[in-house]
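If you read the protein sequences in the order shown, they are chains D and W. Take the first sequence: its letters are residues 1034 to 1451, numbered as in our numbering. Take the second sequence: its letters are residues 531 to 922, numbered as in our numbering.
A hint or two may mislead.
DSS-like cross-link-like pairs, simulated, lysine-lysine; straight-line CA separation at most 27 Å [unchecked claim]:
1. Lys545(W) x Lys1110(D)
2. Lys821(W) x Lys1446(D)
3. Lys1226(D) x Lys1317(D)
4. Lys647(W) x Lys1106(D)
5. Lys1346(D) x Lys1446(D)
Listed next, with one range per pair, are the computed distances between beta-carbon atoms [as the list claims (entries may be wrong)]:
6. Lys916(W) x Ala1242(D): 37 to 45 Å
7. Phe685(W) x Ala1435(D): 36 to 44 Å
8. Asn1073(D) x Ala646(W): 51 to 59 Å
9. Val784(W) x Ala1196(D): 34 to 42 Å
10. Thr740(W) x Ile1133(D): 31 to 39 Å
11. Phe1085(D) x Ser764(W): 53 to 61 Å
By construction, these hints were calculated from the structure, which means they are not laboratory data. On a predicted model such as this, the values are computed, not experimentally measured, just so you know. Where a beta carbon is used, it is the ideal one built from N, C-alpha and C, also for glycine.
Residues per chain, in single letters:
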Amino acid sequence: MKNILIKPSKENLTSFVTFGSFLIFVSFFDVLANTFFNLNFTAFLPSKLSYFAPLIIGTIGLYLIRIEFSGNKLLDKININFNSSNFNAILTLIVIFALIKYIPPILNWFFFDANFIGNTKEDCTGSGACWVFVKVWFNRFVYGMYPDAEQWRINSAFIMLFALVGASFFVPLRLKKYLLIFLLFVYPIIGLKLISGGDFGLKYVETGAWGGLSLTFIVSAFALILCFPIGMFLALGRRSSLPAIRYTSIGFIELWRGVPLITVLFMSAVMFPMFLPDGTYVDKLIRVLIAITLFEAAYMAEVIRGGLQALPKGQYEAAKSLGMGYWRMHFLIILPQALKLVIPGVANTFLALVKDTPLIFVVGLLELAGMVNLAKTNPKWLGMAMEGYVFAGLVFWIICYAMSRYSQNLERKLSTER
Amino acid sequence: MNLKNFKIDLSNKNKDLIPQVLTVFLLVLVIIYFTINAQDNMGNRGISFGFGFLSQESSFDITFSLIDYDGSDSYARAFLVGLLNTILVSSIGIFFATLLGVTVGIGRLSQNYLIAKAAEWYVEIFRNIPLILQIFFWYFAALRALPLTVDSINFYDISFLNVKGWYVPRFIWTNFSIFFYSIIVAIITIVFFTKYARKQRDEFGKQLPTFYVSFGLIIGLPLLTFLFGGVRLSFEIPELEQLSTTVYVYKGGVSIIPELISLALALSMYTATFIAENVRAGILGVNKGQKEAAASIGLTKGQILKLVVMPQALRIIIPPTTNQYLNLTKNSSLAAAIAYPDIVLVFAGTALMQTGRAIEIISITMLTYLSLSLSISIFMNWYNKKIAIKEK
């Protein structure tokens, strides 16, 4: 059996490599011609065989050039990374052929055949995506139903936020503390007041009109700021030696972690008003914020608990031996170390929070995904679902990918410090 | 009594007691406040707290049900339909997420640069897009692009995919119970045989071909029932029927609705990314020395993977994967967004709108999810304990 198969060897390196490369070239040529010029050179073969012909020819070619320690650096690199066995050779070919076959149509749809110019659906004459849809609705996707004339308020609130966050990187350490306090406690109130209005001559805009991407940011930011301290106390409560506090915390955490967010939102929409005195009306957005905050606080608590558990017992004992009480021990010694340990976990929770915000559609608040849903049902823009979701997906992807990259960097930076 | 020596007793015991009493007191206060308000509100609306409504006639239809159901059935049965649909989509999702996740996780560690990169990008793309958007994408964009009923995509004349769903053959069994018992018998035999084989190995050093015997049993015994037990299996293949000049439907077979397809697709593709990361971390977490040690005592590559690497990797993989299974089950509630009749849509949606019993229905729904979550985590904890390191 072994004699039938030619074993590529170093002695005839040039001939093996030449013949192998030729076969690989033929297989690629066949696929390229098939994809771009609609030519089929292997049409004379039975249909199944013709379909797999490039794969078979390519695999044989890759088999022939699989020569270990050939002395040729490029060849060795190819063999190690793409061609270490027959199985890997086939996988390599499948991936490359799939890329050749499917990337061009996707690119064509996305960019080359897409329509960018115009203002109505009828302007989309090309076969590709109709980005006119996104262009026309862009304002709504970002600001929701917020009145056009008042949108500068949202803009300035966010510019202020970015300026403050940006400044926090440059100010001296002494002032950083105050900036952070301002950012966490004063800014949210200013920002909220600016966007909701009602005072200082600003027109009141009800929360039902808020929406789009800005609402995604508002909900995530507030939920994060609020859920962090609650989660911290829950985590401490769960590790407390006092049974009543411990069991209350455990019950609270496990209750929220055991149910889906959507039922919690349903609860905030239909069950929560039943628990309040008759006639009390709590704003929809505030109810949603409470629901998301409590939900995420339970997850945050578990993340922080992980950090608390990871600290060596010696830290607690050392703090106690200095005569520190429970709160001083935790706030001066334990939490600063534990929180540093759980930064990646906190970032992951925040990421999950951002990805969960579209769910607020169940109470009728429409952020980006909800606005796309609304826009695609507009009679003038039917059949634009694909464009809308691809756009929304891309926006969310950029936000989440950047955040996960940032948290990975942070993790790496902190791990070298230790 | 000398007042100078009087001190409030702040010994450790009391110091511990005060915050606890305070917590319990506050908790009770909040609960009482909510209960009074709830009673007031329900009194105003003329409803009283109770679960009697569950036996009332539901009078709404459900598009997809695993058990017989129509509008004349009770709310309790509607709840059961929703629960079964939730369990169905979660099980399908868990199955495919595991399959895909393990494949991609191993792919990320492949020597092949292209495979490793492809797996990495798969994870990066699908992990960072909100699940709800993925569900919307599959349901409203991708599956809506499928052909109409009349020119369905044909899979070998037995199964058809079109915009109305996926039509697959229905299995029609005769004497199914015999077939079913044969599988149970096969499983029991395998368990005993594995025990016997282990004993043989431990006592006499004999290696029995456990895998082949088990494989033969689980395939062979059910096959034998076809020959001798009178078990018959036939298929009801869906057929295209023309109702009027333009209206076509498929009759017969099983129709898998697009809601189920898109939900299962999105759930498994999204969760698979997390499982892939767990698998990768698990395999990377096994010490290199372990593999080298195993190789040095002469185990083959397959044996190393099966006997040395996997048992240790599984210990790292299982706890976070359990969490992912739980997440998938909870995420299946997003079904409500595309009107797949799961427990949230049927019960917390339609039934709640009809009866207005918010407190009862939301509590039942939440309790159901809590018990689903608890049962999965209990099972996985049991499994985790079984494979944990037995420290002496």
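Right, here's what the structure says about each hint:
1. Under the criterion of a C-alpha separation no larger than 27 Å, the hint pairing lysine 545(W) with lysine 1110(D) is inconsistent with the structure, at around 70 Å.
2. For the hint linking lysine 821(W) to lysine 1446(D), the alpha-carbon distance of about 31 Å lies beyond 27 Å, and the restraint is violated.
3. Of the supplied pair hints, the one linking lysine 1226(D) and lysine 1317(D) holds, its CA atoms being roughly 17 Å apart against a limit of 27 Å.
4. Under the criterion of a C-alpha separation no larger than 27 Å, the hint pairing lysine 647(W) with lysine 1106(D) is consistent with the structure, at around 22 Å.
5. For the hint pairing lysine 1346(D) with lysine 1446(D), the CA-to-CA distance comes to about 25 Å; that is within 27 Å, so the pair holds.
6. One distance hint, 37 to 45 Å for the beta-carbon pair lysine 916(W) and alanine 1242(D), is violated here, with the actual separation near 56 Å.
7. In this structure the hint that phenylalanine 685(W) and alanine 1435(D) lie 36 to 44 Å apart at CB holds, the actual value being about 41 Å.
8. One distance hint, 51 to 59 Å for the beta-carbon pair asparagine 1073(D) and alanine 646(W), is violated here, with the actual separation near 32 Å.
9. Checked against the given bound of 34 to 42 Å, the beta carbons of valine 784(W) and alanine 1196(D), roughly 59 Å apart, lie outside it.
10. For threonine 740(W) and isoleucine 1133(D), the hinted distance range of 31 to 39 Å is not satisfied, since their beta carbons lie about 45 Å from each other.
11. One distance hint, 53 to 61 Å for the beta-carbon pair phenylalanine 1085(D) and serine 764(W), is violated here, with the actual separation near 34 Å.
When the structure is compared with the earlier hints, violations turn up for hints 1, 2, 6, 8, 9, 10 and 11 and for no others.
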